[in-house]
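Number of protein chains: 2
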Amino acid sequence: MTLSFEDFPPGPFGSFGPRRVSREEIISFAAEYDPQPMHLDDEAAKHGMLGGLSGSGWHLCALMMRMLCDGFLLRTASLGSPGVNELRWLSPLRPDDELMLDVEVIQSRVSNSRPDTGIVTFGCRLRNAGGQILLEAVTPIIFKRRDSDAA
Amino acid sequence: MTLSFEDFPPGPFGSFGPRRVSREEIISFAAEYDPQPMHLDDEAAKHGMLGGLSGSGWHLCALMMRMLCDGFLLRTASLGSPGVNELRWLSPLRPDDELMLDVEVIQSRVSNSRPDTGIVTFGCRLRNAGGQILLEAVTPIIFKRRDSDAA
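Same order as they appear, the protein sequences are chains Y and L.
If you count the first sequence from 1, you need to add 5 to reach this note's numbering.
If you count the second sequence from 1, you need to add 5 to reach this note's numbering.
Treat each hint with caution, since some may be false.
What the hints assert, rightly or not - Pair by pair, the computed Cβ-Cβ distance ranges are:
1) Y:R28 x L:P14: 19 to 29 Å
2) Y:R28 x L:R80: 21 to 31 Å
3) L:Q137 x Y:G135: 27 to 37 Å
4) L:L8 x Y:R151: 27 to 37 Å
5) Y:M54 x L:M105: 27 to 37 Å
6) Y:V143 x L:D121: 27 to 37 Å
Read the hints as simulated data drawn from the structure, not as lab findings.
C-beta: ideal position from N, C-alpha, C; glycine also.
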């Protein structure tokens, strides 16, 4: 079944994962997109503010997106997203972390400009096995409304 | 020379690029982190809202980060970032786009809690060769203050 706007009423939606992140993945993402020493090199990272190798914050965002896709987004009538309202990196991503993603629907409303669609604002939270929150994001996603299939 | 907090007064900072993005890169990022049909498959993308293959919004963010690193961030006393205040995906990333990144300093202030550091809030804008804005982001980055070297 394809999920539509109507399937996302405000409230807790679900938890997804775990997704284990290896040292190799952390270094490989950083080498391509965020080659700062604390994301690439154990020795340099030891002397940095985070006291050891940590993943790029953008790597965390990309992992969150993959977990959203596998969790439910690929089974929806999603029309994309205009952006992210707020994004906070709260604790560093470490090698071998096992990530869980908690998703809630903060707001859900029919679009004024395109009434065959609705905008669902999600609150997303990535945590590690120790319960530390690594990332919080508030992001709207646009979905088709179920009634719009006939249109 | 390593750039410190004092090197980022409010105002225009610089433009960086171009960075060309291939179809292969777009598909490879999407396969790993955002496997929605419009980012993976020309045929599926043709029937989608964006009318043709487009890159993941998170790929754009990762590319922005790399351009920030190469542009100036790797030559700074950066201590990382607490997050992103606002992120807007305005136009789709297309195969063979040549990206330019415009950076301005929106605000620059000494940290209250850690007076040896300062917080610089950047406005970042990614545009293609046709002048379309693809992404806008407002993001704070923490830097050491120059005077703090002696501490």
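(request) Take a look at whether the Cβ-Cβ distance between L8 (chain L) and R151 (chain Y) falls inside 27 to 37 Å. (result) Given range 27 to 37 Å: violated, Cβ gap about 53 Å.
(message) Taking the Cβ atom of M54 (chain Y) and the Cβ atom of M105 (chain L), is their distance within the range 27 to 37 Å?
(response) Given about 31 Å between the Cβ atoms, the range holds.
(request) Mind checking the hinted window 27 to 37 Å against the Cβ distance between Q137 (chain L) and G135 (chain Y)? (result) With a Cβ separation near 43 Å, Q137 (chain L) and G135 (chain Y) fall outside 27 to 37 Å, so the hint is violated.
(request) With 19 to 29 Å as the target window, see if R28 (chain Y) and P14 (chain L) comply at their CB atoms. (result) Once the Cβ atoms are compared, 39 Å apart, the range 19 to 29 Å for P14 (chain L) and R28 (chain Y) is violated.
(request) Return holds or violated for the Cβ distance of R28 (chain Y) and R80 (chain L) against the range 21 to 31 Å. (result) Roughly 26 Å apart at Cβ, these two residues keep to the hinted range, so it holds.
(request) Look at the Cβ atoms of V143 (chain Y) and D121 (chain L) and judge whether their distance stays inside 27 to 37 Å. (result) 31 Å, holds
Checked against the numbered hints above, the structure breaks hints 1, 3, 4 and satisfies the rest.
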